[in-house]
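Student: Could you build all of it, start to finish, from the sequences and the hints given here?
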Amino acid sequence: MPKKMPKKKEAILKAATVLFANKGFTDTSMHELSELTGAAEGTIFYHFKNKEHLLLTILQTTNESIVEEFDRFIDGREFKNGLHMVEEIVSFYLYLAGIMEFQFLLLQRHYLYKFVAENQDFRSSLEEFYNCISDMFEKAIVRGQQDGSIGNVHPRKTALILFTMVDGVVRFKNFNLYDAGALFNDLIESCRKMLKPDGETAR
Amino acid sequence: MSIACIFSGLYCEADEIASAVLDRTGADIISDKDVVARAAALSGMNEDRIGKAFFAGTSIFNRFSHEKERATSWLRLAAAELLTEKENAVMHGFSAQLPPESISHLLRTCVIANVQYRLDVAEKLGITQAEAKRHITKGDEDRASWTKETRNEDDPWKASLYDLVIPVDKTGVKDAAEQILEQLANPAVKPTASSAKAVQDFLLAARVETSLAGSGHHVGVAARDGKVTIIINKNVLMLERLERELKELASKVDGVKDVDTKVGPNFHQSDIYRKVDFELPNKVLLVDDEREFVQTLSERLMLRDMGSAVAYDGESALDLVADDDPEVIVLDLKMPGIDGIEVLRRVKAMRPEVQVIILTGHGSEEDRDVCMKLGAFAYLHKPVDIETLSETIKKAHEAAAV
Numbered sequence: 059m060p061k062k063m064p065k066k067k068e069a070i071l072k073a074a075t076v077l078f079a080n081k082g083f084t085d086t087s088m089h090e091l092s093e094l095t096g097a098a099e100g101t102i103f104y105h106f107k108n109k110e111h112l113l114l115t116i117l118q119t120t121n122e123s124i125v126e127e128f129d130r131f132i133d134g135r136e137f138k139n140g141l142h143m144v145e146e147i148v149s150f151y152l153y154l155a156g157i158m159e160f161q162f163l164l165l166q167r168h169y170l171y172k173f174v175a176e177n178q179d180f181r182s183s184l185e186e187f188y189n190c191i192s193d194m195f196e197k198a199i200v201r202g203q204q205d206g207s208i209g210n211v212h213p214r215k216t217a218l219i220l221f222t223m224v225d226g227v228v229r230f231k232n233f234n235l236y237d238a239g240a241l242f243n244d245l246i247e248s249c250r251k252m253l254k255p256d257g258e259t260a261r
Numbered sequence: 002m003s004i005a006c007i008f009s010g011l012y013c014e015a016d017e018i019a020s021a022v023l024d025r026t027g028a029d030i031i032s033d034k035d036v037v038a039r040a041a042a043l044s045g046m047n048e049d050r051i052g053k054a055f056f057a058g059t060s061i062f063n064r065f066s067h068e069k070e071r072a073t074s075w076l077r078l079a080a081a082e083l084l085t086e087k088e089n090a091v092m093h094g095f096s097a098q099l100p101p102e103s104i105s106h107l108l109r110t111c112v113i114a115n116v117q118y119r120l121d122v123a124e125k126l127g128i129t130q131a132e133a134k135r136h137i138t139k140g141d142e143d144r145a146s147w148t149k150e151t152r153n154e155d156d157p158w159k160a161s162l163y164d165l166v167i168p169v170d171k172t173g174v175k176d177a178a179e180q181i182l183e184q185l186a187n188p189a190v191k192p193t194a195s196s197a198k199a200v201q202d203f204l205l206a207a208r209v210e211t212s213l214a215g216s217g218h219h220v221g222v223a224a225r226d227g228k229v230t231i232i233i234n235k236n237v238l239m240l241e242r243l244e245r246e247l248k249e250l251a252s253k254v255d256g257v258k259d260v261d262t263k264v265g266p267n268f269h270q271s272d273i274y275r276k277v278d279f280e281l282p283n284k285v286l287l288v289d290d291e292r293e294f295v296q297t298l299s300e301r302l303m304l305r306d307m308g309s310a311v312a313y314d315g316e317s318a319l320d321l322v323a324d325d326d327p328e329v330i331v332l333d334l335k336m337p338g339i340d341g342i343e344v345l346r347r348v349k350a351m352r353p354e355v356q357v358i359i360l361t362g363h364g365s366e367e368d369r370d371v372c373m374k375l376g377a378f379a380y381l382h383k384p385v386d387i388e389t390l391s392e393t394i395k396k397a398h399e400a401a402a403v
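Chains A and B, in that order, give the protein sequences.
For the first sequence, this note's numbering assigns the number 59 to the initial residue and increments by one for each residue that follows.
For the second sequence, this note's numbering assigns the number 2 to the initial residue and increments by one for each residue that follows.
Calculated from the structure, these hints are not laboratory results.
Possibly wrong hints are sitting among the right ones.
[As the list claims (entries may be wrong)] Using 30 Å as the maximum straight-line C-alpha spacing, the simulated BS3-like pairs for lysine-lysine come out as follows:
no., chain 1, residue 1, chain 2, residue 2
1, B, 263, B, 159
2, B, 191, B, 258
3, A, 65, B, 335
4, A, 81, B, 235
5, B, 125, B, 191
6, A, 65, B, 53
7, B, 134, A, 65
8, B, 191, B, 228
9, B, 374, B, 395
10, A, 65, A, 109
11, B, 349, A, 67
12, B, 175, B, 87
13, A, 72, B, 53
14, A, 254, A, 138
15, A, 138, A, 107
16, B, 248, A, 251
17, A, 107, B, 395
18, B, 396, A, 65
19, A, 172, A, 215
20, B, 228, B, 149
21, A, 72, B, 248
22, B, 175, B, 191
23, B, 349, A, 109
24, A, 109, B, 396
The structure displayed is predicted, hence computed values, not measured ones.
Tutor: Dropping the structure here:
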């Protein structure tokens with residue numbers, strides 16, 4: 059994927075993300091996309107071979123921008139200790155879910171994962187995304203165990219538990235289950251309790 | 002004493018009007034700066050960040066953490082506090098939209114003028130016309146989004162929002178101030194026991210709102226005689242659970258006698274997406290080295306709802322084809338550097354489905370044949386009738402769609 063995309067291609071991707079995230083794959087038509095963006099259907103097909111290719115491109119660009127955002131976030135920051143890093147990753151994940159609402163909603167649609175069985179590109183893209191987030195949590199936990207801010211938990215498994223927790227909060231918001239923003243403070247508190255060093259009682 | 006609230010358009014001399022009223026009444030000013038400073042002190046948030054809540058666009062604001070709504074709730078509390086502290090005041094700026102309609106001793110005033118008048122005012126301030134136009138467009142956009150947020154009305158200049166609308170282009174500054182002074186003496190805006198109570202209720206509602214915002218909840222809050230109503234405008238499946246939590250939190254705020262919740266009109270928001278939700282690049286690219294001609298053409302096409310980009314030479318035209326991805330190009334043949342025929346050749350080789358309309362002042366029959374052979378959609382001569390051109394562009398766009 060080239061770094062600089064033509065503006066129209068970008069606009070098509072943006073609109074398609076909203077449609078795929080909200081209506082699903084089969085219920086989104088190229089005709090509707092053309093009406094919404096004002097781009098001729100010919101133009102859409104010039105940029106994307108077919109609907110599946112369009113979905114894959116969305117997935118790949120989403121993946122790239124999330125990984126990039128996280129890299130930039132980690133690089134530019136000093137963490138007091140491993141626990142602090144875990145908390146910051148949780149906050150940043152929620153922050154991204156807020157500004158990339160439709161991309162995260164798309165990532166929570168089941169049909170996306172059915173493409174994995176047939177299409178290697180879908181597989182690697184999704185795998186890369188889940189690995190990136192899990193690795194970051196794991197790294198933070200290992201660091202916390204070295205500096206004593208995190209107790210004796212299984213880093214790899216605990217990383218996945220943290221990930222499902224924060225992703226679950228995003229799901230509560232995306233599916234309009236609850237006012238998820240209100241859960242933030244308690245989410246952070248739960249992470250602290252879960253990771254606290256052995257023998258220490260939570261504050 | 003009644004309080005004058007003045008909301009105004011940019012370059013409508015509202016500052017001058019406000020200071021004329023201040024001079025005559027000896028009132029205190031409550032400016033946006035004062036409200037922002039108080040909100041910052043109350044919340045611990047940074048002044049710049051709070052002040053951004055006045056402006057349209059939510060790019061720096063997060064939909065998850067609702068920073069804009071949080072900032073607005075603190076602004077509301079700040080405005081409520083300042084209103085209880087000052088009996089004799091002029092509230093001027095965006096803040097003028099914050100107090101609820103239930104406070105009857107506020108004289109809600111809107112100061113506005115026609116565009117020409119506003120441009121003239123800007124010119125006196127040494128601002129170029131083009132720049133002033135941009136400021137006015139952006140300024141009106143900000144005011145529309147703020148009025149929507151605070152008073153749930155799309156049109157910031159709608160007369161029914163105000164007690165007094167002053168077209169300053171017709172009245173002038175002096176007369177505008179006179180009108181405000183005259184209306185301030187109107188018995189309808191005199192403070193009464195019930196309007197004083199309404200200010201207390203505004204303060205209470207704002208305190209509940211900020212307290213709920215502190216726990217991450219963003220809801221509308223109204224109060225009457227210490228009885229608080231919470232309005233939920235967000236579609237939530239577990240509504241009963243949310244209502245319980247909100248009631249529990251709100252009843253802890255000092256002065257709250259009773260709490261009720263209700264679902265607002267935005268609760269059942271359907272997922273309808275419109276064209277305006279997406280920022281779209283231009284469909285038409287105009288290529289001509291006669292700058293004035295293309296600029297006029299571009300403005301005229303804009304009026305016909307056809308966004309256009311402009312290039313003054315062949316090379317930048319080709320760059321724009323790659324970057325802006327237009328569907329129709331209007332191309333002059335005679336240009337410095339790469340000429341029109343070469344641009345046409347390259348565009349058609351690169352993107353055959355892009356339709357190219359040749360528009361030339363000096364082309365020969367021979368040129369016409371070459372162009373049509375290369376795949377031009379149409380060949381038009383200058384001067385061209387704008388109707389003919391936009392009709393041709395429309396047809397070309399339809400052809401590009403196939």
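Student: Within 30 Å, alpha carbon to alpha carbon, are residue 374 of chain B and residue 395 of chain B?
Tutor: Measuring from Cα to Cα gives roughly 21 Å; hence the hint holds.
Student: Holds or violated: residue 134 of chain B with residue 65 of chain A, Cα cutoff 30 Å?
Tutor: Distance of about 26 Å is within 30 Å: holds.
Student: With a cut-off of 30 Å on the C-alpha distance, tell me whether residue 109 of chain A and residue 396 of chain B pass.
Tutor: holds, 27 Å
Student: Would the hint linking residue 396 of chain B and residue 65 of chain A be met if the CA-CA limit is 30 Å?
Tutor: holds, 23 Å
Student: Are residue 138 of chain A and residue 107 of chain A close enough, with their CA atoms no more than 30 Å apart?
Tutor: Roughly 48 Å separates the two Cα atoms, so the pair is violated.
Student: Measure nothing beyond the straight line between the CA atoms of residue 65 of chain A and residue 335 of chain B; if it is 30 Å or shorter, mark the hint as holding.
Tutor: holds, 28 Å
Student: Holds or violated: residue 248 of chain B and residue 251 of chain A, Cα atoms, limit 30 Å.
Tutor: holds, 28 Å
Student: Is the hinted pair residue 125 of chain B and residue 191 of chain B satisfied, with a Cα-Cα distance of at most 30 Å?
Tutor: Given pair residue 125 of chain B, residue 191 of chain B is violated - Cα atoms ~38 Å apart, limit 30 Å.
Student: Measure nothing beyond the straight line between the CA atoms of residue 72 of chain A and residue 248 of chain B; if it is 30 Å or shorter, mark the hint as holding.
Tutor: Distance of about 39 Å is beyond 30 Å: violated.
Student: Are residue 107 of chain A and residue 395 of chain B close enough, with their CA atoms no more than 30 Å apart?
Tutor: holds, 26 Å
Student: With a cut-off of 30 Å on the C-alpha distance, tell me whether residue 172 of chain A and residue 215 of chain A pass.
Tutor: Within the cut-off at roughly 25 Å; holds.
Student: With the threshold set at 30 Å, check whether the alpha-carbon distance from residue 175 of chain B to residue 87 of chain B stays at or below it.
Tutor: holds, 25 Å
In summary, the structure is inconsistent with hints 5, 15, 21 from the numbered list given earlier, while agreeing with the others.
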